[in-house]
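Q: In case you want the letters, here they are:
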Amino acid sequence: MPLFDEKSLERLEKEIERWEREVVPQWLKRLPERMEEFTTLSGIPVKRVYTPLDLRGFDYMEKLGLPGEYPYTRGIHATMYRARIWTMRMFSGYGGPEETNQRLKYLIKHGETGLSLAFDYPTLIGLDPDDPMARGEVGIVGVSVPTVVDMEVIFRDINLGEVTTNMTINPPAPVLLSFYVAVAEKQGVPYHKIGGTTQNDPLKEFIAQKSYVFPPEPAVKIAMDLVEWSIRNLPKWNPISISGYHIREAGATAVQELAFTLADGIEYVRQLRARGMDVDEFAPRLSFFFDAHINFFEEIAKFRAARRMWARIMREWFGARKARSMWLRFHTQTAGVSLTAQQPWLNIVRTAIEALAAVLGGTQSLHTNAFDEPFRVPSELAAKIALRTQQVIAYETGVADVIDPLGGSYYVEWLTDEMEERAWRIIERIERMGGMLEAVKKGYPQREVTEASYQFQREVEEGKRLIVGVNIFREEDEEEIRKVPLLEFDQEEIERRQVERVRRVREARDRARWERALSELRRAAERGENLMPYILGAVKAYATLGEIMGTLKGVYGTYVEPPIY
Amino acid sequence: MSSPPSTSGKRVKVLVAKLGIDGHDRGAKVIARALRDAGFEVVYTGIRQTPMQVAMAAVQEDVDVIGVSMLSGAHMSHMRELMKRLEELGASDIPVVLGGTIPIPDIEPLKRIGVREVFLPGTSLREIVEHVRRLAEEKRALEREILGQ
Numbered sequence: 001m002p003l004f005d006e007k008s009l010e011r012l013e014k015e016i017e018r019w020e021r022e023v024v025p026q027w028l029k030r031l032p033e034r035m036e037e038f039t040t041l042s043g044i045p046v047k048r049v050y051t052p053l054d055l056r057g058f059d060y061m062e063k064l065g066l067p068g069e070y071p072y073t074r075g076i077h078a079t080m081y082r083a084r085i086w087t088m089r090m091f092s093g094y095g096g097p098e099e100t101n102q103r104l105k106y107l108i109k110h111g112e113t114g115l116s117l118a119f120d121y122p123t124l125i126g127l128d129p130d131d132p133m134a135r136g137e138v139g140i141v142g143v144s145v146p147t148v149v150d151m152e153v154i155f156r157d158i159n160l161g162e163v164t165t166n167m168t169i170n171p172p173a174p175v176l177l178s179f180y181v182a183v184a185e186k187q188g189v190p191y192h193k194i195g196g197t198t199q200n201d202p203l204k205e206f207i208a209q210k211s212y213v214f215p216p217e218p219a220v221k222i223a224m225d226l227v228e229w230s231i232r233n234l235p236k237w238n239p240i241s242i243s244g245y246h247i248r249e250a251g252a253t254a255v256q257e258l259a260f261t262l263a264d265g266i267e268y269v270r271q272l273r274a275r276g277m278d279v280d281e282f283a284p285r286l287s288f289f290f291d292a293h294i295n296f297f298e299e300i301a302k303f304r305a306a307r308r309m310w311a312r313i314m315r316e317w318f319g320a321r322k323a324r325s326m327w328l329r330f331h332t333q334t335a336g337v338s339l340t341a342q343q344p345w346l347n348i349v350r351t352a353i354e355a356l357a358a359v360l361g362g363t364q365s366l367h368t369n370a371f372d373e374p375f376r377v378p379s380e381l382a383a384k385i386a387l388r389t390q391q392v393i394a395y396e397t398g399v400a401d402v403i404d405p406l407g408g409s410y411y412v413e414w415l416t417d418e419m420e421e422r423a424w425r426i427i428e429r430i431e432r433m434g435g436m437l438e439a440v441k442k443g444y445p446q447r448e449v450t451e452a453s454y455q456f457q458r459e460v461e462e463g464k465r466l467i468v469g470v471n472i473f474r475e476e477d478e479e480e481i482r483k484v485p486l487l488e489f490d491q492e493e494i495e496r497r498q499v500e501r502v503r504r505v506r507e508a509r510d511r512a513r514w515e516r517a518l519s520e521l522r523r524a525a526e527r528g529e530n531l532m533p534y535i536l537g538a539v540k541a542y543a544t545l546g547e548i549m550g551t552l553k554g555v556y557g558t559y560v561e562p563p564i565y
Numbered sequence: 566m567s568s569p570p571s572t573s574g575k576r577v578k579v580l581v582a583k584l585g586i587d588g589h590d591r592g593a594k595v596i597a598r599a600l601r602d603a604g605f606e607v608v609y610t611g612i613r614q615t616p617m618q619v620a621m622a623a624v625q626e627d628v629d630v631i632g633v634s635m636l637s638g639a640h641m642s643h644m645r646e647l648m649k650r651l652e653e654l655g656a657s658d659i660p661v662v663l664g665g666t667i668p669i670p671d672i673e674p675l676k677r678i679g680v681r682e683v684f685l686p687g688t689s690l691r692e693i694v695e696h697v698r699r700l701a702e703e704k705r706a707l708e709r710e711i712l713g714q
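Residue numbers (this note's numbering), protein chains in the order written: chain X, 1 to 565; chain S, 566 to 714.
Think of the hints as simulated: they come from the structure by calculation, not from any bench. Check before you lean on any hint, since a few could be wrong.
Chain X stretches covered by chain S per the calculated footprint, using a threshold of three residues with CB under 8 Å from any CB of chain S [said to hold, decoys possible]: (1) 126 to 135; (2) 246 to 255; (3) 443 to 456; (4) 480 to 488; (5) 514 to 528.
Just so it is clear, the structure is predicted and the values come from calculations on it, not from any experiment. Glycine included, each C-beta is placed from N, C-alpha and C at the ideal position.
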């Protein structure tokens, strides 16, 4: 049933014609508009004003439904934030496990409601701190975790049965999850109480984040091993977080972020079904991760379109029956790339606006960036301000009191439809290539992202995209930059400590048991078995991250990207 | 592109490199593209390069300028190592510039070890292109002087 009857629309059409003929030109003569054409960050042209005419034939129940009901455009729960505020989950970690344990406790003390670990580069690509490639990189962008012992220190005085933890980790995800499970076991926490998320999304590594290790096929296989094992053993774990965030940060438009992320999800659903799993068995545990950029309404439209599209995909393409299988549950992070080194305090404002878009878009959890991140991982104060920003939005503004308050806005509904339509066209193209794994092997999304990022930079250069402090309201001599109090830590000392610790672990372990565990892992990889039980076994025998990843590299090889630009 | 990029005839050649194991390649690729569009010859070596690999590539490719992109925070140790390797290879005359997430207090120490310029996020492509062009011309002028032309 269309929302507006044809007769009223015809009347409105005449009114708009009159307005455009008689009223608008007079105003334009007196006050010309700021630009010839207005577009969103994705380059979607937007009109002066939106009316019911832009929603001709709009069927409310088909497009929106009610909160907690198909197609979930308005939200996946019937009560949303009226019942429970989104999870405030701050991505954090630096130095060694001791520093990170302190930071986690600091954030919990100030009201953070979920944990999220940032790992350093060596950990992200599966190297031990004494690997030659790790030199100078240990503990800088996140915490160094080469062994189960490090994981234990990170969660000192934190009960893993009472918190949920996100781990932003990809090729080594099975190893880090095994560390976490082993620590939980040691704390006496039963498997059914272990909650959290492993990012474990290999496709976007090739598209954007570039912390790949194995070639695409085995990378996907290993990730799906983790998903399958987790579904059967850890009922509260989200084994995968299908991520648009990095794709967007690497330069994609909002439309591309939406399309590529859902196409990645489609690929994973097919991979899991090919293992003989029922869609309603695993789909409720799939989760997503998006960027909240600065073009406010476009982001809100993106989140709403994503929910509706995923519900359709799951029900109509894959025959899901459970409501939970159709829910697009997602985490959001504000846009790191929107932050500026110039006049850095303004980043607090940008982050607040982006966080508001995420909330109005119905996110399940949220990370807000700290204003000092164009320079380094955040200081305590900067991280606290970022967390407090969420608390202001949640408890002062009233935006959490009504579900999907922008639903029904002519503009937002039109833009939601437009984003959806444009994303479907990209998904269809990927489908014709044989799905995202094939598209990635052909380099298609990689090229698209590279192209879009250059396009954006040129628009900034030409003044078509304005950034305060960068190409408008610049300050030539910036005293303020020098006043940002940055996080200080002795990286060299931390690296020495981490190298020493991993060596001590290697010396102290039962050598025969360790050797057996790694050779069992290698044989399992050669036979194509699910690797999770073997990796967990190796972790418990104190095999290090680098040793486990090294064993797997021996079987699967490593990926080298052709350097295209 | 229209105008010849250098006064000395041969096209300016720039090596764009990612040092260390950081995968953030958006900036490197955008810069590589901008330099190419400005008429330079660009060699992009891809991610996960060691200082030794970058120094050798610079010498083998006989480049005029090296542009390094780093968002990992590991710039102090990697840049120190790169400058050392260039010296060992007798290539200290190749000017090196750095761009990325660099804390302000690190800029002076980086310049002291020989990094010619540090570009923070938000620097315009035009500014980077012009800077690279100037460094290349200085290097070539110096070479001509040495060769007594």
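Q: The structure should be examined with respect to each hint, and the outcome stated for every one.
A: Here is how each hint holds up against the structure:
1. 126 to 135: holds (count 4)
2. 246 to 255: holds (count 3)
3. 443 to 456: Answer holds; 3 residues pass the 8 Å Cβ test.
4. 480 to 488: With 4 residues in contact (Cβ-Cβ under 8 Å with chain S), the coverage given for the region 480 to 488 of chain X holds.
5. 514 to 528: Contact hint for the region 514 to 528 of chain X vs chain S: violated, 0 residues under 8 Å.
In summary, the structure is inconsistent with hint 5 from the numbered list given earlier, while agreeing with all the others.
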